[in-house]
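Produce the complete structure using the sequences and hints provided.
Mapping to our numbering: the sequence shown position 35 is 18, numbers consecutive.
No lab work stands behind these hints, which were simulated from the structure alone. Quick reminder that beta carbons are idealized off the backbone N, C-alpha and C, glycines included. Take these hints with a grain of salt, some might be off.
[Unchecked claim] Beta-carbon label-pair distances, calculated as ranges:
1) T(-11) with S85: 47 to 57 Å
2) T104 with A(-9): 54 to 64 Å
3) I(-4) with N45: 19 to 29 Å
4) R(-8) with V76: 40 to 50 Å
5) E77 with V31: 22 to 32 Å
6) S33 with Y58: 13 to 23 Å
7) A(-9) with E77: 45 to 55 Å
8) D29 with N108: 18 to 28 Å
9) E61 with G19: 13 to 23 Å
[Claimed, not checked] Result set (DSS-like, lysine-lysine): computed pairs, CA atoms no more than 30 Å apart in a straight line:
10) K16 with K64
11) K15 with K64
12) K64 with K12
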Amino acid sequence: MISPTTSARVFFISLIVTCSVLLISSCSKHAKKVKGNYTGTLSINDTVMSNNVNVNIDEVENNVISISSNYFNTYFVEIDKNRYFNSLTYYSVEDDETIEISNHGDILLIHSQDGEEFIFTGNRN
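Take a look at the structure:
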């Protein structure tokens, strides 16, 4: 059996290290970028409940956030990001949940729970 040369071994190890670094560095951490307290208007079933509602978004994992408010139960959402020219938007990858958060802190949240539809629009504090 022919053993690989030293230069081939070095190349192979370098390739593995480079690939590992790229995979680790490409790990997206969207949740950290959108976490915070948002204030805005909440309507439930097309009835405005308040113009001064707080919605809190916390980081659970790199791409998973928890969303909580006094008006609905806390729940978890997986998010991803889209880049359009100079703007960046984070959105839910789940079909039954609508959330869009711009890199400027504007938020649109549409959530259904217990037969009620919650629509929240606001800004990060």
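Here is how each hint holds up against the structure:
In this structure the supplied range 47 to 57 Å holds for T(-11) paired with S85, their Cβ-Cβ distance being about 53 Å. At roughly 59 Å, the beta-carbon separation of T104 and A(-9) lies within the given 54 to 64 Å, and the hint holds. Between I(-4) and N45 the Cβ separation comes to about 28 Å, which falls inside the hinted range of 19 to 29 Å. Evaluation of the 40 to 50 Å hint for R(-8) and V76 yields a pass: the beta carbon distance comes to about 41 Å.
The given range of 22 to 32 Å is respected by E77 and V31, whose C-beta atoms sit roughly 26 Å from each other. For S33 and Y58, the Cβ-Cβ distance of about 20 Å falls inside the hinted range of 13 to 23 Å, so the restraint holds. Checked against the hint of 45 to 55 Å, the pair A(-9) and E77 passes, with Cβ atoms roughly 46 Å apart. With their beta carbons about 26 Å apart, D29 and N108 fall inside the hinted range of 18 to 28 Å.
Look at E61 against G19: about 18 Å separates their beta carbons, and that is inside 13 to 23 Å. Using a Cα cut-off of 30 Å, the hinted pair K16 and K64 holds, with the two alpha carbons roughly 11 Å apart. This hinted pair checks out: K15 and K64 have alpha carbons roughly 12 Å apart, not beyond 30 Å. The straight-line distance between the Cα atoms of K64 and K12 is roughly 10 Å, inside the 30 Å bound, and the hint therefore holds.
In this structure, none of the earlier numbered hints is contradicted; all agree with it.
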